[in-house]
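Undergrad: In case you want the letters, here they are:
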Amino acid sequence: MRMMKLTAGALVAYAALGGTAAMAQTELTMWYHGAGNEVELTLINQLIDDFNASQSDWSVSIESFPQESYNDSVVAAALAGNLPDIIDVDGPVMPNWAWSGYMQPLTIDESLIEDFLPGTKGIWDGQLYSIGLWDAAVALVTRQSTLDALGLRTPTLEEPWNLEEFMAALEAAKASGDYEYAFDPGMAWTGEWYPYAFSPFLQSFGGDLVDRSTYQSADGVLNGEAAIAFGEWWQSLFAEGYAPGTSQDPADRDTGLIDGKYAFSWNGNWAALGALAAHEDTLFLPAPDFGNGSVIGAASWQFGISSTSEHPEGAAAFIEFALQDEYLAAFSNGIGLIPATPSAAAMTENYAEGGAMSVFFDLSAEQALVRPVTPGYVVAAKVFEKALADIANGADVIDTLDAAVDEIDADIESNSGYGH
Amino acid sequence: MASSLKNPDRTGWAFALPGTVLILTFIVIPFFFAFALSMTNQRLISPNPTEYVGLKNYRDLLGLAVVTLEPERDDSGAVVIDDDGEIVYPRLRTITRSDDYPQYRGMREWFRWQSGEDARIVIASDVVFMKALVNTLLFVLVVAPVQGGLALVLALLINQRLRGINIFRTIYFMPVVVSIVVVSLLWRFIYDGSDGLLNNVLSWITFGAFQPVDWLGNTETALGAIMAMSIWQAVGFHMVIWLSGLQTISPTLYEAAAIEGASKWQTFRYVTWPGLRHTAVLVLIVITMQAFALFAQIDVMTSGGPLDSTQTVVFQAVERGYGKQDISGGSTISVILFVIVLTISLIQRYLTREK
Amino acid sequence: MAAVNPDNQGLRLAVRYAVLILIALIFIGPILFMVMSSFKPDLQLLQDTSSLRAFLPVGDLSLENYREAFQRAPVRLFVINSVIVTGATVVLSLIVCSLAAFSFVYLDWKGRDVILSVILATLIIPFETIAIPLLLLVSKLPWIGLEGFEIGWLNSYRVQIIPWIADGLTIFLFVQYFKSLPGELIEASRVEGATWFQIYMRVVMPLSGPVLATAAILKFLVMYNQYLWPLIVVQQEQYRPVMVGLQYFFQLNTAWGEIMAYLTLITVPVLGFYLVLQRAFIASIASTGVKG
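Protein chains in written order, with this note's numbering: chain A, 1 to 420; chain B, 1 to 355; chain C, 1 to 292.
Since the hints were derived computationally from the structure, they do not count as laboratory data.
For glycine and all other residues, C-beta sits at the position ideal for the given N, C-alpha and C.
Hints should not be assumed to be uniformly reliable.
Simulated coverage check for chain A against chain C, where a stretch passes if three residues somewhere in it have a Cβ under 8 Å from a Cβ of chain C [said to hold, decoys possible]:
| id | region |
| --- | --- |
| 1 | 36-43 |
| 2 | 61-69 |
| 3 | 247-261 |
Isolated chain A (complex conformation) (with noise of 0.2 Å):
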């Protein structure tokens, strides 16, 4: 009787301790770019329903944005100083916010992160600013029944194809007159793709963005004797009739492959599941090497906390929970990104030991090279990606790229230098 009493006590008093710690908990608000998303959207709730339940002190609401404004908003809002504690980021376009204000280092434990991918840790000025629960990679997507009929060597991470095998690649594929078009690099998917997904190809020719020992200027790298080869194949791309130009139909883009309108496609492991549904036999093939080693595009959305957040602990709290490997999983396995650790890989049905996309995976690790780490590569990637789109309208190669040195150069110093 008296244990029942003391029981019933105890309970009355969790049930009130619980009751006010509910009430205590400190709202935080989050900013996430998956409005549209479902799959996403439902990942993210589970998340913070976890992270709200886990703990007495903090409470996460989230707001949802469409992808393709996102940024937009969060420049407007923070305009207006309206930014919530939480927002997501771009890796590459972090520099850019922290450098502005917006952002606030983050603190978390650094053991964290010691096994995730170098593309998904977001460093700015030495300090961390952002993490990300997953990377992106672009690979060379096509069919091993392409590669069979055409009589192609299957290229792998150890030995790549060089420039003259690619482009023999293509020259068959045009050949054999079974394709619109041998390759499609996605020239409609305008924005953000370009920078992106192109800037490896002069990477790997030996050009840049930018000069990254000072981040002071383009003179040089994006219009120096590699960044000029590069542009000349680039035009030779659409100029010879390899590749479908910018007025591509975005459908064709989405589809063209598996509808055998296309050879290669130069495509993301989140289009990757899709290709896999249509044709198993679709293969995701490293970037070519062109002379520099091959390379691909590093870091996709990450987490970091505004300036203006008063509870940046709460904040960092939400940050560290979110890494722990189920999510990561979770994620992968809901939208097809990379795990950003290989513990999470290995919970994965896709990027595990033998899974049909584990080669993104190793792709991350060996050919990831981040997009130049500045608060200019916003400017610069507007800049690059106009260059590009004229030279493959047939602009002259060396004009193009000069004018665009010049205008990398030109915003560097209105803005004095970007803080480096």
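With the hints as your guide, set chains B and C onto chain A.
TA: For chains B and C alone, coordinates are given in the frame of chain A:
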């Protein structure tokens, strides 16, 4: 109170006040703010302090110069001719990237012509902006008369007394109610270069003689394609404005014209057209303003390409101000656009003034 | 003239209808394409774009795209938001702008011409070019509402409505129209001792059907298609309008069928609005037609 309301001065103010205050607050003040920004180096986002830079932004956009390139000569001093029989000139970068000519640094070729053996080249600080200006003016010059004229033709067609004419009126107006963004998305399918609807229809009409054209991917056709689509989308609206003008013309005038045996053209020339005076001014001004603001079609369909053949002023303002985070440069473009359009509308007003 | 050959007349009628129908096809084609596509699965939709099948309800038709669209985004919420913002702005705009135009045309007061010139000059400022200064302004504006005093208009309906009420074009439309009304009517009412407000309400407004309809349609279209402004002043889903909602559908691997379904859904209210107005429009022209 009643007497004060009869005082035209106070009543006038009272009636105009809400509208005036709203326009001053939400359009005029922001515009002056933009004007002030155009004199600074303000970035959209930046920790750096804002500095006054005078007219630098204007110079960066409008700077022009003419340079002369002498032909390449071989060792004997003869002019080098290439395989096509054209004179070979050194690259322009030998001047624009040379330390001997710091004043031309960063300028690019806009266009060139030949003068004797030399090539004269007009170089601009911002070639893209110059092309945007030309394209925008071209767009206005074509779209304003064509759209206004077609709208009038449609209005005359639809002003007949026929059974079911309301159905046609509604159908002609339908594109207007579809957002221009939506229209642009739809027309990307129509203009598709390989198996687009337009190419297929044209090939079908000509029994296969028509060769497919990459409408939006070709510098020759891209702007024209966007013009055609813009006219298709908006002509119904102006048709309705013309129609309301037509219906205010008194039927007795037409009866009088019929009694005097006027031909169809004479009736139009001496009865209809004079009755449409106010409407004509309205249609012309509205179309001109809308044409100058050309943006959404470009943003959705071409992003200014291919090779800047569809760049426009407002697209450049947005691209610069937001995309490249150069809000002072973007503001400068809007001020320049304002001055241009103001000048044109003053000319229009002068030309269409009541005589 | 009276003895027109009946065959000839029949032929002319046929030609007239043929011309009207041909033009109608050009105007309705792309819209039919949108509506028909909304019922087709993606793969078929894309294959059909290369033939006349694009305009026809053929193949595998279903409401699947609509179901998916409602699942992907709160379509109803977006449409309701747009209708609230658009409706409120149109009504307020008609009142405010017609009052101002009335004053500019009929009343003689100090500073009138200067202010009218300034207002007409604002007609040529594209909104895109003042968006950022305006954003900074509204984020600092005060407001007294049900919850008391607050600073900043972001995330609300008012921030989407109030800046758009008055504009140069609408005032210009009214000014042009009022100028064409017979001045004797106003004079007569003045002589009879009517106040200016009575003249506005009882004489001018009843004659203004056509211009009210035109201004309403124009404003409706501008407001319903708002994109950039709500994008930068609204950070909460509960206030988002339809064109921002369209962005929900642009994911990697775009679902075109769903986009077509969404586009069809958001176009229907506008078409309805036009059909309703058109009736009022024709009626008002019929009643005022005998003038000039």
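Undergrad: Evaluate each hint against the coordinates.
TA: Structure-based check of each hint:
| no. | hint | verdict |
| --- | --- | --- |
| 1 | 36-43 | holds (count 3) |
| 2 | 61-69 | holds (count 7) |
| 3 | 247-261 | holds (count 4) |
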